[in-house]
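Take the sequences, apply the hints, and build the full model.
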Amino acid sequence: MAGGTPAGGPHGDAVRTPVTGARGRYPRRVVGAGLGDRLGKAAGAFASNARNPNLRRAQLSFLGAWTAEWAFTVALGIVAFRDGGATAVGLVGLLRMVPSARM
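Just so we're aligned, residue 1 is where the sequence shown starts under this note's numbering, counting upward by one.
To be clear, the hints were calculated from the coordinates, so they are not data collected in a lab.
From the three backbone atoms N, C-alpha and C, an ideal C-beta is built for every residue, glycine too.
Don't take every hint at face value.
Stated by the list, open to error - Pairwise CB distance ranges (calculated):
| no. | residue 1 | residue 2 | range |
| --- | --- | --- | --- |
| 1 | Gly44 | Trp66 | 19 to 25 Å |
| 2 | Leu39 | Leu94 | 36 to 42 Å |
| 3 | Pro99 | Thr67 | 21 to 27 Å |
| 4 | Leu94 | Ala42 | 35 to 41 Å |
| 5 | Asn52 | Val98 | 36 to 42 Å |
| 6 | Ala71 | Met97 | 15 to 21 Å |
| 7 | Ser100 | Ala75 | 16 to 22 Å |
| 8 | Leu63 | Arg102 | 27 to 33 Å |
| 9 | Arg57 | Val98 | 29 to 35 Å |
Okay, structure coming up:
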């Protein structure tokens with residue numbers, strides 16, 4: 001088969017040799033294979049961000065924004081609970097989500 005996929009499909013025999021385990025049937029190459037490769041790629045991405053000053057600043061700015069958003073949400077919940085109890089916390093949460101749910 002010149003220029004085509006190998007016998008057994010595009011992934012070779014891995015698709016035809018399933019492994020039966022506690023979670024069901026999965027191809028061999030998915031069960032545990034390539035974990036080191038994926039971790040290596042993730043470590044490379046983190047290292048790339050650490051080396052590049054612009055990416056590092058962007059990541060730190062996102063960290064600051066997410067931390068501030070979390071702190072605001074917690075403070076808003078505390079104020080709402082103090083003033084109106086659990087019902088007020090639920091109402092404030094609902095009112096914050098309505099704009100994003102609107103189509």
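For each hint, the structure was consulted:
Taken as a hint, the range 19 to 25 Å holds for the pair Gly44 and Trp66, whose Cβ atoms sit roughly 24 Å apart. Take Leu39 and Leu94: their Cβ atoms lie about 40 Å apart, and the range 36 to 42 Å holds. The hinted window of 21 to 27 Å between Pro99 and Thr67 holds, with their beta carbons roughly 22 Å apart. For the pair Leu94 and Ala42, the supplied restraint of 35 to 41 Å holds, since their beta-carbon distance comes to about 37 Å.
Distance hint check for Asn52 and Val98: the Cβ-Cβ separation is about 39 Å, which falls inside the suggested range of 36 to 42 Å. Between Ala71 and Met97 the CB atoms are about 19 Å apart, so this pair conforms to the stated range of 15 to 21 Å. At about 20 Å, the beta-carbon gap between Ser100 and Ala75 stays in the expected band of 16 to 22 Å. Checked against the hint of 27 to 33 Å, the pair Leu63 and Arg102 passes, with Cβ atoms roughly 29 Å apart.
In this structure the supplied range 29 to 35 Å holds for Arg57 paired with Val98, their Cβ-Cβ distance being about 34 Å.
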